[in-house]
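Here is what each chain is made of, one letter per residue.
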Amino acid sequence: MNQNLKSWDMSADEDTMKDLYLCFSLEDRDYAFEVRHLTEILALPAITTIPGTAPFLKGVINIRGKIIPVMDVRLRFDMSFKPYHERTCVLLVELDGLPLGLIVDSVNDVLRIPSENIDLAPKIGESKSSRFIYATGRVGNSVKILINLQRLLTEEETVLIKDIPGN
Amino acid sequence: MGRDDVLEYLIEARETLENIEKELLHFEKSTLDGSQVDRELLDTLFRHFHTIKGSSGFFGLTGIVKMAHAAENLLDYLRNHPEAQDEDTLECLITALDHLNELVEHEESSPSGGDFFNELQIQFLEKLNEKNNEIRIKETKPKENSEHNQKEAEFGLFINSNTENSAKEEFGLFIESPKTPVSEDFGLFTGDSTPSKNEEFGLFIKTDKPITKETVPKAEENLKTEKKSIIKKDIRIDTDKLDSLLDIVGEIVITEPMVTDHPDIAKLKLENFQKTALQLKKLIRNLQEITLSLRMIPIAGIFSRMERLVRDTAKKTGKQVNLVISGEDTEIDKSILEEMYDPLVHILRNAIDHGLETPEERKESGKQPQGTIQLTATQSGKEVWIEVRDDGKGLSREKILNKAISLGLLGRSDAESLEDKDVWEFLFHPGFSTAKEVTDLSGRGVGLDVVRKNVTTLKGFVDVFSIYGQGTTFLIRVPLTLAIIEGLVVRKSDTYFILPSIDVKESIYLGDVPINELYKNNHSIQYRKNQISIVDINLLFGKDSDLNKLRSLKEKYLIVTESHEKIMGIVFDEILGSQSIVIKPISPIFKNINGLAGCTILGNGHAGLILDVRKLINQHLSSVTI
Numbered sequence: 001m002n003q004n005l006k007s008w009d010m011s012a013d014e015d016t017m018k019d020l021y022l023c024f025s026l027e028d029r030d031y032a033f034e035v036r037h038l039t040e041i042l043a044l045p046a047i048t049t050i051p052g053t054a055p056f057l058k059g060v061i062n063i064r065g066k067i068i069p070v071m072d073v074r075l076r077f078d079m080s081f082k083p084y085h086e087r088t089c090v091l092l093v094e095l096d097g098l099p100l101g102l103i104v105d106s107v108n109d110v111l112r113i114p115s116e117n118i119d120l121a122p123k124i125g126e127s128k129s130s131r132f133i134y135a136t137g138r139v140g141n142s143v144k145i146l147i148n149l150q151r152l153l154t155e156e157e158t159v160l161i162k163d164i165p166g167n
Numbered sequence: 001m002g003r004d005d006v007l008e009y010l011i012e013a014r015e016t017l018e019n020i021e022k023e024l025l026h027f028e029k030s031t032l033d034g035s036q037v038d039r040e041l042l043d044t045l046f047r048h049f050h051t052i053k054g055s056s057g058f059f060g061l062t063g064i065v066k067m068a069h070a071a072e073n074l075l076d077y078l079r080n081h082p083e084a085q086d087e088d089t090l091e092c093l094i095t096a097l098d099h100l101n102e103l104v105e106h107e108e109s110s111p112s113g114g115d116f117f118n119e120l121q122i123q124f125l126e127k128l129n130e131k132n133n134e135i136r137i138k139e140t141k142p143k144e145n146s147e148h149n150q151k152e153a154e155f156g157l158f159i160n161s162n163t164e165n166s167a168k169e170e171f172g173l174f175i176e177s178p179k180t181p182v183s184e185d186f187g188l189f190t191g192d193s194t195p196s197k198n199e200e201f202g203l204f205i206k207t208d209k210p211i212t213k214e215t216v217p218k219a220e221e222n223l224k225t226e227k228k229s230i231i232k233k234d235i236r237i238d239t240d241k242l243d244s245l246l247d248i249v250g251e252i253v254i255t256e257p258m259v260t261d262h263p264d265i266a267k268l269k270l271e272n273f274q275k276t277a278l279q280l281k282k283l284i285r286n287l288q289e290i291t292l293s294l295r296m297i298p299i300a301g302i303f304s305r306m307e308r309l310v311r312d313t314a315k316k317t318g319k320q321v322n323l324v325i326s327g328e329d330t331e332i333d334k335s336i337l338e339e340m341y342d343p344l345v346h347i348l349r350n351a352i353d354h355g356l357e358t359p360e361e362r363k364e365s366g367k368q369p370q371g372t373i374q375l376t377a378t379q380s381g382k383e384v385w386i387e388v389r390d391d392g393k394g395l396s397r398e399k400i401l402n403k404a405i406s407l408g409l410l411g412r413s414d415a416e417s418l419e420d421k422d423v424w425e426f427l428f429h430p431g432f433s434t435a436k437e438v439t440d441l442s443g444r445g446v447g448l449d450v451v452r453k454n455v456t457t458l459k460g461f462v463d464v465f466s467i468y469g470q471g472t473t474f475l476i477r478v479p480l481t482l483a484i485i486e487g488l489v490v491r492k493s494d495t496y497f498i499l500p501s502i503d504v505k506e507s508i509y510l511g512d513v514p515i516n517e518l519y520k521n522n523h524s525i526q527y528r529k530n531q532i533s534i535v536d537i538n539l540l541f542g543k544d545s546d547l548n549k550l551r552s553l554k555e556k557y558l559i560v561t562e563s564h565e566k567i568m569g570i571v572f573d574e575i576l577g578s579q580s581i582v583i584k585p586i587s588p589i590f591k592n593i594n595g596l597a598g599c600t601i602l603g604n605g606h607a608g609l610i611l612d613v614r615k616l617i618n619q620h621l622s623s624v625t626i
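Chains F and S are the protein sequences, given in the same order. The first sequence begins at 1 in our numbering and counts up one residue at a time. The second sequence begins at 1 in our numbering and counts up one residue at a time.
Keep in mind the hints are simulated off the structure, nothing from the lab. Any given hint might turn out to be false.
Once the Cα atoms are required to be at most 27 Å apart in a straight line, the calculated DSS-like pairs of lysine-lysine come out as [claimed, not checked]:
1) F:Lys66 - S:Lys241
2) F:Lys66 - S:Lys492
3) S:Lys459 - F:Lys66
4) S:Lys421 - S:Lys459
5) S:Lys363 - S:Lys241
6) S:Lys334 - F:Lys66
7) F:Lys66 - S:Lys615
8) S:Lys382 - F:Lys66
9) F:Lys82 - S:Lys492
10) F:Lys66 - S:Lys281
11) S:Lys282 - F:Lys66
Cβ pair distances, simulated, as ranges [stated by the list, open to error]:
12) F:Asn117 - S:Ile575: 54 to 60 Å
13) F:Thr49 - S:Arg528: 31 to 37 Å
14) S:Glu574 - F:Gly140: 37 to 43 Å
15) S:Lys275 - F:Ile41: 38 to 44 Å
16) F:Ser25 - S:Lys269: 47 to 53 Å
Model, not experiment: these values are computed from the prediction. Think of the CB as a built atom: it goes at the ideal place given N, C-alpha and C, for glycine as much as any other residue.
Only chain F is shown next, with the shape it has when bound in the complex:
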C-alpha cells in the first residue's frame, strides 16, 4: 500500500516538473538544466577545501549535518575564476544518488521549455566544455544552453584527478 502511494506521488511529481528548467547565468550566458535534479538553492556557506583534488572541486560544505561536495561550474567550463559575492549561489543537485553543490554566479528563473522548443546542440567541434551541452532551448527571443548534469563528472575527469601530484 505504502509503495503504491509512493509511486503514485512520484508520477504526479514527474508530471508537474515536466519541461521545467532552472536557469542560471555564468558571464553573460544563460544555462539551464531540468528542475527534477534540483533539491535546493542556497547562499554560499563556508567551504572547506579538500587538498589535492581537481581545481573545479572547491571542497565540501555542511548542509544541516550533511557533508556535500561543491563544484565551481565556471571553472568546470574552463572560464576564469571569479571571486564569490553575495549573489553567488549553490544549487544543490542529486546525480545518480550523489548530492553535489554547484556554484554559479546567479540564479535567474524557473522556466517551462516545451520539448518542441528544444533543439539538440549542433556538434561544433569536440571542445571540452561543449561536452556538457546537449541542447539549446528557445524561450521567447533568447536561447538557453541546456546542460547535461551527468556529464559534469565523467570518466575523463577521474583520470585528470588521478594525475594531480600528491595523489
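Please build the complex by placing chain S on the supplied structure of chain F, with the hints as guidance.
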C-alpha cells in the same frame, strides 16, 4: 501468517542451528578419544532439533521438519544407547545440520514453502532414515519394529517420539495414565517438555500420581519463566532504526558545543548557565556511550563459526588441529564484526594449510602431532585485537624473499638488509603466494592482500609475526566502533583538521625550538632523544610548504604523531582542543584522496577534515629519505 513472521522465525531458527553446530563440535571433541558422549549433551542436541522441528512445522516448512525429525530420531536412540554412536552417526548429524542451514537459507532468499529443493536433500534424508534403522538393527531389535519406525519417520511426526519414550522404563509413569493433558493437547511440546521434565524431576517418578500431577505444571511453569527472562534480555531491533538513532545522537554531540559555547554568550558571565551546561554535557556523553554500546555484540558469534571451519579444513588437509578460543566475550561494533568474518576465515585457513605441519612432520621436529591454533580477542583501549597464533612451521624468510625477487618487488642486493617484519610485508602484496600448488583451500593468489584491504577499510591494521620453526601470528587490530572517535581539532590557515587522538603523542609549541633544515621541504627537530621529521600539511597534499619561511614558524604548534612506531611531526597554526568526532564519509566524487580518513562537522558549523595519520606518515617517509 505473514512473510514477516516466517522471516522472523528463520532468524530464530538460524540461532538454534548455530547452537546445534556448537554442540555437535563439542560432541565430536568429547568423543575423539573413543569415549561415549555425554548424556546431557545428547539431550541438549535432541531438544534443539526438536525445537526446530516443532516450530518449523508450525510455519509449514515441511523440508526442515522432515530433516530435523530424522536427526532427532537418531539422537533419541543415541540418548538411550550411547554405545551405538560412531563417527558415521556424527557425520550424519553434521550433514543434516548443513542441509537444515541450506533449507533455512533457501527459504529466506526464495520462499517456496520450505520443502526440499534439490535431489541431494531427499537422498540424504533417505540415508538418514536408513541410518536410523541401521543402528537399531545393530542393537538386535526386531525387524518389524524398524520398518515401523521408517514408516513413521515420514508421517507420524510426533507419535514416534512418544511411543519411543513411553516404551522406556523411565517414562513408565505415563503408560499408566496415557491421557495426561500434556500429551494430548500440547502434542507439539511433549517431546520437548517430557524428556526435560524427566531429567530434572526424575525424583518424582517413583512417587504417587497426585504429586506428579502437581509437579508437571510446575515444571512447565519453570520453563516458561526461563523463556521469559531470555526474551527480556534481548529485543530484536531493526538496524535502520539503530542507525538513525546513532545519527541523531551524533548530531546532538555536535550541536552541544555549538549551543553551550555559542559565540553570542561567550563573553557573558553566566555561572548558573555554565553549571547546567556542564550537566547537559555529561548527560549527552552518557547518551552517546549507551547508543554506541547498543551496536556492540560479543565476538563469540564469529568465533564459534570458526570452529566448524577449522574442523572441516583440518579434515581436508589431514592435519590435527586443536583450536583454542579465548576472549569471545569481547564486544565489537556489529558492522565491524560482520566484516571480520572473511579475513578471519582466510587467516585460519592459511594457518592450517600453510602454517601447520602434518602430524608426521610435527613428530619429526619434536612437536605434538596435534597442532594448536589460538584464536584470541582482547580489547585494548579503543581497539579490539584479534590474534590468530599457530605453532606450525613459521614463515620462511628465504622463500618469501625469493618469490619477491622473482616478482620484481625488490633487488637481490636489497634482500639481505631487510628486517624480518619488512619481509613478512610481502605476503600482503597482491598475487603473492608461496604455495607450491593450487589447492581448493588456497594458493590462488587471492589472498592476504584482500584481507588487508578489508581490514583497512575498517580503519584497522593487520600485522604478522613469525619465528621460523615455531609458528606464525596474525594480529588484526580494528577500532571498537566506526562512527565516533576522539579527535584533536587543529587549524591550518582556514582549514580545520582532526587528528585521531589515538595517533597523537604530544603537542609542542614551537616557539624557540630549533628547527633544522636538511634540505628543501625536509625539516627535523630534536624530540626527546631523536631527530624527528616535521612536515607541513600543505606538502603532504602536494602543495608548496611554508615551512621554508622559518621565521613564521615561531608561533605555530607541532603535533607529534605516531603510527606503527614511526613518528612524525605536523605543523599547525592553532590547537582548538579535543572532542568527540562523528565520522562522515567523503563523497566518492573526490577520488584517490590518500591522507584523509573522512569528514566531520565541527561545533562552529565548519566541515573538518579527519587526517589518516598512518597513511600520511607512510607517504611522507617514502618520499623523503632520511
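These are the hints, each one checked on the structure:
| no. | hint | in the structure |
| --- | --- | --- |
| 1 | F:Lys66 - S:Lys241 | 19 Å, holds |
| 2 | F:Lys66 - S:Lys492 | 23 Å, holds |
| 3 | S:Lys459 - F:Lys66 | 22 Å, holds |
| 4 | S:Lys421 - S:Lys459 | 21 Å, holds |
| 5 | S:Lys363 - S:Lys241 | 55 Å, violated |
| 6 | S:Lys334 - F:Lys66 | 24 Å, holds |
| 7 | F:Lys66 - S:Lys615 | 25 Å, holds |
| 8 | S:Lys382 - F:Lys66 | 26 Å, holds |
| 9 | F:Lys82 - S:Lys492 | 24 Å, holds |
| 10 | F:Lys66 - S:Lys281 | 23 Å, holds |
| 11 | S:Lys282 - F:Lys66 | 25 Å, holds |
| 12 | F:Asn117 - S:Ile575: 54 to 60 Å | 59 Å, holds |
| 13 | F:Thr49 - S:Arg528: 31 to 37 Å | 34 Å, holds |
| 14 | S:Glu574 - F:Gly140: 37 to 43 Å | 54 Å, violated |
| 15 | S:Lys275 - F:Ile41: 38 to 44 Å | 42 Å, holds |
| 16 | F:Ser25 - S:Lys269: 47 to 53 Å | 50 Å, holds |
Of the numbered hints listed earlier, those contradicted by the structure are 5 and 14.
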